[in-house]
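S.K.: Sequence:
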Amino acid sequence: MDVRDMDGNPGIWEKLRWSELSNKEKELWALLGWNQYLWDRNEAPPSANKAWRDLNYHEQYAAQGLGFSEEMWDGFEDE
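Counted the way the numbering used here counts, the sequence shown spans residues 1 to 79.
I should point out that these hints are in silico values taken from the structure, not numbers from a laboratory. As the structure is a prediction and not an experimental result, all values here were calculated from the model. Do not rely on the hints blindly, as some may be mistaken.
[To be verified] Derived BS3-like pairs: lysine-lysine, alpha-carbon spacing no greater than 27 Å straight-line:
# : residue 1 : residue 2
1 : Lys50     : Lys26
2 : Lys50     : Lys24
3 : Lys15     : Lys50
4 : Lys15     : Lys26
From just these sequences and the hints, can you work out the full model?
M.R.: Pasting the structure below:
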């Protein structure tokens, strides 16, 4: 598996441990500032609190690669 299809449901990521992510998924999440320590403790990096327009090019690339659209990113509330 390369990157799983979240099928419009960004909540799928919250159900997964870092060890369950593919290498590509880890790479994309890392571009957003995540690492195993933060992920497994559900401690969000600064990018999680940014609006889409405030994400840099690499962060937007990673978010899109993970299946986020601008609307989905801006509307998602981490639980």
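S.K.: Does each hint hold? Answer for all of them.
M.R.: Hints versus structure:
1. Only pairs whose Cα atoms come within 27 Å are accepted, and Lys50 paired with Lys26 is accepted, the gap being roughly 20 Å.
2. The hinted pair formed by Lys50 and Lys24 meets the criterion: a straight-line CA distance of about 22 Å does not exceed 27 Å.
3. In summary, the hint linking Lys15 to Lys50 is supported, as the alpha carbons are separated by about 22 Å, within the 27 Å threshold.
4. Taking the CA atoms of Lys15 and Lys26, the gap is near 15 Å; set against the 27 Å cutoff, the hint holds.
Consistency note: the structure conflicts with none of the earlier hints.
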